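Student: Required output: the full structure, derived from the provided sequences and hints.
Here are the chains, one letter per residue:
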Amino acid sequence: MTTIDHADALAVSDADRLTDDRVAVRALRVARRTAMGVLGDAEAAADVAQDVAITAVRQADSLRDPAALDAWLHRIAVRAALREARRAERRRAAERAGHDPSPGADDAGLDRALALLAGLPARQRAALTLRYVHDLPDDAIARALRCRPGTVRSLLSRGRDALRAAMQDDHRSPDADH
Amino acid sequence: MPTTDTDLRDALAPLREVEPTPEEVARVLAAADELRAPRSLGPRRRPARVIAVLVAAAAVVVALAALPGSKSTRPQDAHGILAAAAAVAAEQPAPTRYRYTRVLDRYVYLVNAGDERGRVTFEQTSENWTADAFAGRTVAPRGTATWAAPPSAALSRAAGGAGAIVKAYDGDFRYGDGPLARVPFAAIPDDAAAAGRLLEAAIRDGRWMPHRPSSPPHWAPGVVDSEVSRSAVTLLALGNVTGAQRQALFGVLSSRPGARSLGDVTDAAGRRGVGVALRLPDFGDELRVIIDPKTSDILQSSEVLPAPPATRPKLPAGVPAPPWPPPAELAEHTQVFLRTGSVAALGNRP
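Those protein sequences? They're chains L and G, same order as listed.
Just so we're aligned, residue 253 is where the first sequence starts under the numbering used here, counting upward by one.
Just so we're aligned, residue 3 is where the second sequence starts under the numbering used here, counting upward by one.
Rather than coming from a laboratory, the hints here were simulated on the basis of the structure.
All values derive from a computational prediction rather than experimental measurement.
Misleading hints may appear alongside valid ones.
To be verified - A few chain L residues facing chain G, derived, Cβ under 7 Å:
id	residue
1	Leu270
2	Asp299
3	Ala365
Backbone N, C-alpha and C fix where the C-beta goes; we use that ideal spot for every residue, glycine too.
Tutor: Here it is in structure tokens:
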């Protein structure tokens, strides 16, 4: 079972408590945080999260083990976010032309976190988000990303290096407000 | 704990504070209900759900208020944009006999002639009056053709056929032979779930096609799903429907999977609006719609088509091979709704 150490985590051991609204809240929360990390775009992440949450609410009844809710949500959220990342990449050039830039996340801390992840490959971003935002262990990340734990360790290792390099650049930047 | 990298956890901590809004939760529940109705929409669950949603919403409001930088803004995600438009649509005045629209149609073609490649944009502005079942009139003077670069004679010839699309016209409203050709507008329900189900069923069995087929059409995969989105946008833009029906149609769009926000955008006429991209799973890519958030009017809709395959698709034996790539291939069709309103008689303008 996945370990969740946030105060907001659902207690999902009681099947009767897996109600639609709780699944919706949990799915939106998990999927939006994951999609934000992968996509770096608040609005796109909100849209992915809505799709994931609708799917989750519709299909939660088929979950035989309610305790598996989080692992399932991580899996479908990562898949949806990576799919959207691929689509966004394909569309990026055309979309920028003729459209106003998307507004930022409206939160300097969040903007900075997203900026640190920007430029990393989508799967690296997904692995870093699952580890450092959702606190998942290697094997849970591997299940979400559908790869081997060894691949996760490699993704995380490279991601950590890139993230630390970005953080150092951020500290050196004269605009850094610290 | 799986990690001791506290510096990295701290750096990404703001992502952990992102919380769903009560509106998002409510929209998810409503959309999930719409998509699975009526089979599993048990009345037994509703009261408990409403109470639970309100409790969850209140908790989330408190959490949001505590977040740094939180402030009330217009919704920017696709479902929020469409839900807001639905609410505005419900307040619109009742229509009179005809819906008037002044529309700029823009078709972008990629033209191929031997090794030469060109790009030409055809534009035509029309005035349209539509009553029930898209009966009405269209008046359009001859349109224009604008090349990205001066074309050779071969490219001009290759594009010749496509140019017919903007020839002068004065006649019946040009809806065409699509699945809404004979839709009685009064049949569109005021409820989003019911409207979605009706559109899907009608498109699937062809009941509103010009010559109702004796058996349901054989739709290719994804066509019905795409046509539901296209039809809802068409009805919103050109249909002489009530505010409650418009609200339901925005609800239909809101429940389509894969809707994507384009945020604040400017249409081809320079007007500000909010944009939503709807996924078209048939052969198109996306239907991009710009909405006026103040009136819920559709300002612009664009369909961007994917490029045809680089090599000619395999054809059954005996079928003559067409030239490849095609001499002129439609890359984008945009409709800019320059002026819309409701009028009492043909020829009147709002």
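Student: It remains to establish, for every hint, whether it holds in the given structure.
Tutor: To see whether the hints hold, each was checked on the structure:
1. Leu270: This hint is violated: Leu270/L lies away from chain G, its Cβ roughly 12 Å from the closest one there, beyond 7 Å.
2. Asp299: 5 Å, holds
3. Ala365: 5 Å, holds
Violation of the numbered hints given earlier is confined to hint 1; every other hint is satisfied by the structure.
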